[in-house]
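> Heads up: the protein sequence lines correspond to chains A and B, in order.
Following numbering that gives the first Met the number 0, the numbering of the first sequence begins with 0 at its first residue and continues without gaps.
Following numbering that gives the first Met the number 0, the numbering of the second sequence begins with 0 at its first residue and continues without gaps.
Note that these hints are calculated values from the structure, not bench results.
If you're wondering where the values come from, they're calculated on a predicted model, not measured in any experiment.
Misleading hints may appear alongside valid ones.
No copy is singled out in the list; a pair is fine if it fits within one copy or between any two copies.
As the list claims (entries may be wrong) - For lysine to aspartate or glutamate, the following EDC-like pairs were computed, each having C-alpha atoms within a straight-line distance of at most 16 Å: (1) Lys297 <-> Glu206; (2) Lys138 <-> Glu206; (3) Lys208 <-> Asp241; (4) Lys208 <-> Glu300; (5) Lys126 <-> Asp259; (6) Lys222 <-> Asp235; (7) Lys297 <-> Asp207; (8) Lys297 <-> Glu64; (9) Lys41 <-> Asp140; (10) Lys126 <-> Glu51; (11) Lys297 <-> Glu147; (12) Lys253 <-> Glu81; (13) Lys297 <-> Asp259; (14) Lys297 <-> Asp22; (15) Lys76 <-> Asp259; (16) Lys126 <-> Glu147; (17) Lys222 <-> Glu261.
2 protein chains.
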Amino acid sequence: MRICIVGCGAVGSLFAANLAGLDDVEVWAFDLNRAHVDAINKNGLQLTGAGEAHGRLHATSDAAELPQCDFGIVATKAMHAEAAITMTAHAFRDGAVASVMNGIGNEETIAAQVERVIRGTTFPAGKILEPGVVQWDVKGDTSLGPFEPQPARADEIAALADACTRAGMPTHAVADARPAQWRKVIFNSATNPIGALTGLTHGRVCEDKALRALVSGLVNEGKAVVAEQGIVLDMDPEELIDRSSQPDQAYGHKASMLQDIEARRPTEIDYLNGGIARFGRDLGVPTPLNDAVTALIKGAENSWI
Amino acid sequence: MRICIVGCGAVGSLFAANLAGLDDVEVWAFDLNRAHVDAINKNGLQLTGAGEAHGRLHATSDAAELPQCDFGIVATKAMHAEAAITMTAHAFRDGAVASVMNGIGNEETIAAQVERVIRGTTFPAGKILEPGVVQWDVKGDTSLGPFEPQPARADEIAALADACTRAGMPTHAVADARPAQWRKVIFNSATNPIGALTGLTHGRVCEDKALRALVSGLVNEGKAVVAEQGIVLDMDPEELIDRSSQPDQAYGHKASMLQDIEARRPTEIDYLNGGIARFGRDLGVPTPLNDAVTALIKGAENSWI
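Chain A with its partners taken away, still in its complex shape (with noise of 0.2 Å):
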């Protein structure tokens, strides 16, 4: 089977240098890091902390050089997924693509230049630490499922899900991937943005009472508008949230959204908070603090320019 992780960034490396130890996968790398592409090509793919690996794999800026694959998992950030896969769409003629990426909207993205696509939801996370080298900073699980409109078939997911977890990273080919995606938009809009605005870890804002009150003002919304869809999640995300800020977990994680302030990158926040916001105004269903968290975001993005 051979599989193309499109944006080897930090979630993405996790996927290359996992799936890249089974004998029976290929493993290609699309990413537009030269530095981060060299390395890899040089001295393979190496992941430290919650989790080790090396990986040999093939990796690439060049999209023209990727062969015909079975399969690809997007990982970029979402505002670089429309760019992303109109660049390799070419190597999915016959291949089934995933989305792992943060935030809703991503499988449209996809769905709009390749035929059969995954829903896919992830909660492992880290970041670079150097070309080539990637700390693994949380574990967690993957879903993945058929996107409605534009289904994988449910063999492929099957396959890739299984793949994964071979490869040590849990995932679950389900039926319906819309309740773990939504319960990770919820999870990550709720923290991830309260984190860029004041520059705590995870674990920190979580035992700040009057921000883990706003952290649940912010689910609260997010749930009213999954059950406005009928949506039931599959778990709830303060649960998420209260498991994923203890000591052995993402304590002391700094959110992506806070790695991006701090290195006046853009956000995702127009997927995240800005999502759940959008759907609200689609449903009748008001986001005022999800509203806020968004405009004071992009305030900050904006106060680079």
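Given the structure of chain A, go ahead and fit chain B onto it with the hints provided.
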């Protein structure tokens, strides 16, 4: 008439330098910033920007040096009010003391040490450029009225207001100073922390539609808290916000809270949004956006620790 400015930071310096220009007023300034005090004693106090002034006055960091004064004007940060008035109260045994501090609850702090108290609200703003030199960013009016439980006499309030007005700081003696004070608290609470969280100047906050909507959300909560107390605002804070965001007004002004955040100093959030939220809780008026903003700013302060 002898007036002591207690806390000669940006706002205190505007009063001190202007009042020092009057022949019939002797000005003292008490401040713990020794470099600023030394520069004032050596070279006088220089204002530049929206207004120019150069005042000769007595400055000291030693409260024991203060003579008996007819008036005090306390212009410290709200969280330093208690320490400042405790150190200087002996100079106001026969005098009346006004607060021109931000937020609510400051008159109560002064009244614990001084007999006759003036409830004051001032709109001018600026920043210390270097010891002895203050940039006057924003001009504006001041209101002085009785602090209801321990009021100064009407003739005293009128005399202080008259002196400030003659000195170039237009000041109104009013029978009820609460409307002006709440107007300013609402104005500051709706705009200051948004600048602080985003890094944007007042004008850029106001021209961003989503942030301007958040500002209005904060204003509306403040108005509900005011209405519940039976106080009728003298002007809509929205009007003030729009007017002050014009290019010839405070467009380019960095809110004092943004200056505090950038310098990693504690902010006045507890006396602004925190004060509105506290009144809201006591009155049974929900203030979710003020709660959120208070939590975020305090979280940012805690991130430095």
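> Please work out whether the CA atoms of Lys253 and Glu81 approach to 16 Å or closer within one copy, between two copies, in both situations, or in neither?
Close neither inside one copy (26 Å) nor across copies (37 Å); limit 16 Å.
> When no copy is specified for Lys297 and Asp22, does a C-alpha distance of 16 Å or less occur within a copy, between copies, both, or neither?
neither (45 Å within a copy, 52 Å between copies)
> Regarding Lys126 and Glu147, is the shortest C-alpha distance of 16 Å or less found within a copy, between copies, in both, or in neither?
The answer is neither: 31 Å in one copy and 58 Å across copies each exceed 16 Å.
> Using 16 Å as the alpha carbon limit, work out where Lys297 and Glu206 are close: within a copy, between copies, both or neither.
between (26 Å within a copy, 13 Å between copies)
> With 16 Å as the alpha-carbon cut-off, assign the pair Lys297 and Glu147 to within, between, both or neither.
neither (31 Å within a copy, 43 Å between copies)
> Measure nothing new, just compare the shortest in-copy and cross-copy C-alpha distances for Lys138 and Glu206 to 16 Å and report within, between, both or neither.
Classified as neither: same-chain Cα gap 21 Å, cross-chain 42 Å, threshold 16 Å.
> Reference check for the pair Lys222 and Asp235, CA-CA at most 16 Å: within, between, both, or neither?
within (9 Å within a copy, 35 Å between copies)
> Using 16 Å as the alpha carbon limit, work out where Lys297 and Glu64 are close: within a copy, between copies, both or neither.
neither (37 Å within a copy, 51 Å between copies)
> When Cα atoms must be at most 16 Å apart, do Lys208 and Asp241 count as within-copy, between-copy, both, or neither?
within (12 Å within a copy, 34 Å between copies)
> How would you label the pair Lys222, Glu261 (within, between, both, or neither) given a Cα cut-off of 16 Å?
neither (29 Å within a copy, 35 Å between copies)
> Within a copy, between copies, both or neither: which one fits Lys41 and Asp140 at a CA-CA cutoff of 16 Å?
Neither. Shortest intra-copy (30 Å) and inter-copy (68 Å) distances fail the 16 Å Cα cut-off.
> With 16 Å as the alpha-carbon cut-off, assign the pair Lys297 and Asp207 to within, between, both or neither.
Between. Shortest inter-copy distance 10 Å satisfies the 16 Å Cα cut-off; intra-copy 24 Å does not.
Of the numbered hints listed earlier, those contradicted by the structure are 2, 8, 9, 11, 12, 14, 16 and 17.
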